[in-house]
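Enquirer: The whole structure should be built from the sequences, with the hints applied where relevant.
Chains as they are written, first to last, in our numbering: chain A, 49 to 313; chain B, 49 to 313.
Read the hints as simulated data drawn from the structure, not as lab findings.
Ideal placement from N, C-alpha and C gives every residue a C-beta, glycine not left out.
Don't take every hint at face value.
Examples of chain B residues toward chain A, derived with CB under 8 Å [what the hints assert, rightly or not]:
(1) Thr65
(2) Met130
(3) Met164
(4) Leu167
(5) Ala183
(6) Val187
(7) Ser191
There are 2 protein chains.
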Amino acid sequence: MMCRTERIEQALRTYMTEDASASLLKESMSYSLLDGGKRIRPQLLLLITEMLGGKEDEAMPFACALEMIHCYSLVHDDLPAMDNDAMRRGKLSCHARFGEGNAILVGDALLTKAGMLLLAQDGHDEAKRAIFEGAYAMVSGQSDDLNLKERTAETLERIHLNKTGALFRAACTAGAYLSDPAKAETMREFGDAIGLLFQMTDDLLDEEKDRLEDKLTYVTFYGREVTKACIETEYKRADAILAPYAGEAAETLRNLIQLLRSRTY
Amino acid sequence: MMCRTERIEQALRTYMTEDASASLLKESMSYSLLDGGKRIRPQLLLLITEMLGGKEDEAMPFACALEMIHCYSLVHDDLPAMDNDAMRRGKLSCHARFGEGNAILVGDALLTKAGMLLLAQDGHDEAKRAIFEGAYAMVSGQSDDLNLKERTAETLERIHLNKTGALFRAACTAGAYLSDPAKAETMREFGDAIGLLFQMTDDLLDEEKDRLEDKLTYVTFYGREVTKACIETEYKRADAILAPYAGEAAETLRNLIQLLRSRTY
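Expert: What follows is the structure, encoded as structure tokens:
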């Protein structure tokens with residue numbers, strides 16, 4: 049039996065091969081979307097859906113659309129005019145492999161395909177909206193980060209709640225809409241907590257790799273010790289939200305936040 | 049009383065100012081979206097809707113989403129890695145004004161906002177799907193054009209039916225789905241005809257401006273005379289589809305295709 053990430057991988061592959069035609073666009077989209085990535089956002093969406101009594105089959109297209117959106121943002125983020133990264137997930141980034149023009153189109157096409165995939169599903173309008181609202185908040189956070197004017201605690205929080213947090217929030221909110229809409233607000237808060245947990249631990253790891261330069265991160269703004277304390281706070285906030293739930297999905301979520309917390313130890 | 053393009057302009061402005069917050073992203077999106085452009089695609093969508101008995105109010109968000117998608121494609125198309133155009137609609141193009149990184153984000157945000165706008169509407173799933181299918185076909189045509197391998201009649205037709213034709217087709221098909229879905233196939237054909245009419249007359253005009261270089265266009269492939277004959281064929285095909293219809297919207301559509309045909313005289 050396949051595990052959850054394998055099922056996500058298989059679903060992504062199926063969506064990419066529905067159209068049998070061959071083209072460089074399809075090849076370059078598949079290059080960037082498949083065989084890489086931890087699939088944390090789609091896993092989160094599926095886990096919340098299952099924890100709240102929904103069905104994985106119904107949630108899978110939403111989970112995959114979210115991963116396509118995440119992947120488009122990485123492809124555009126890696127471009128020379130943005131972060132200028134030639135490597136991604138252990139291989140050449142999209143523009144380093146296929147050229148800048150193609151990488152721009154790959155990102156555009158992945159975002160468009162995410163929209164098509166959502167629109168192909170009947171109903172679940174709230175879940176669809178949550179995902180596109182997340183995509184918009186993400187791009188708005190990227191813009192704030194790119195055009196950074198002031199290094200304040202408010203700016204830092206706003207940027208990270210959007211840039212990284214938005215898709216985590218969208219994953220958790222959409223998962224609730226797909227199963228138990230009354231829990232949408234609570235799961236949105238869980239999304240915020242896990243998004244911050246992810247971002248803060250990422251900032252700590254990045255600092256260890258000495259790649260921070262003059263970026264505004266939790267570590268450059270607050271220092272390591274305060275960041276570690278904040279990680280504990282967010283971990284506890286997320287764990288408390290999970291407390292009422294039992295079963296495999298809830299257990300896996302508990303493991304996931306523990307793993308995130310401990311990846312900087 | 050405002051005319052149709054003024055109502056489109058006003059609606060676009062309203063969608064851009066719903067969120068009262070100020071940001072560079074919003075400023076740069078508005079810069080590229082507002083005060084410019086002939087608004088042909090949204091007009092087409094509204095005109096088809098009205099000709100087939102639908103309501104402009106209901107169709108307006110769909111028309112504006114389509115224009116946002118068209119506009120995002122122009123912003124990305126103008127980038128140095130694509131067509132490298134520093135001017136657009138009589139002013140600096142987005143990246144020339146705000147930098148490449150911001151222009152990439154503006155395009156991403158406009159496509160995302162188009163998706164949000166569609167998802168905010170209740171029902172009309174077929175119209176929503178038609179618009180995103182058009183957006184995908186467009187990016188696929190752009191990719192074929194960018195990675196051009198063979199200069200054949202089939203390639204030329206496929207690229208233009210997608211790159212330019214896709215949004216015209218989407219406008220007309222969505223207009224039918226918003227009013228009289230039984231006419232969707234016929235209006236899709238009308239969209240193909242008007243898309244080709246637009247592209248072929250554009251190719252003739254571009255040639256006169258001596259900007260073609262080594263691009264694959266109807267004029268560089270078939271020559272001026274054959275292209276003019278094809279324009280007549282597409283004009284007649286479009287006009288025949290309109291023949292059964294009377295009223296202001298049908299008359300305006302008849303004028304529109306006449307104007308397109310005659311703009312190269």
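Enquirer: Given a cut of 8 Å on the nearest C-beta pair, is the interface hint for Thr65 (chain B) held or broken against chain A?
Expert: violated (15 Å)
Enquirer: Can the hint on Ala183 (chain B) be confirmed by a CB-to-CB distance to chain A that is less than 8 Å?
Expert: holds (5 Å)
Enquirer: Please check whether Met130 (chain B) passes as an interface residue: C-beta within 8 Å of a C-beta belonging to chain A.
Expert: The hint holds - Met130 (chain B) has a Cβ within 8 Å of chain A, the shortest such distance being about 5 Å.
Enquirer: Hey, does the Met164 (chain B) contact hint survive, CB to chain A under 8 Å?
Expert: holds (5 Å)
Enquirer: With a cut-off of 8 Å, does the beta carbon of Val187 (chain B) approach a beta carbon of chain A closely enough for the hint to hold?
Expert: This interface hint holds because 5 Å falls under the 8 Å limit.
Enquirer: Does the CB of Leu167 (chain B) sit less than 8 Å away from some CB of chain A?
Expert: Constraint on Leu167 (chain B) satisfied, holds at 5 Å.
Enquirer: Are Ser191 (chain B) and chain A close enough, Cβ to Cβ, to be under 8 Å, as the hint says?
Expert: This interface hint holds because 4 Å falls under the 8 Å limit.
Hint check: a violation occurs at hint 1 only; the rest are consistent with the structure.
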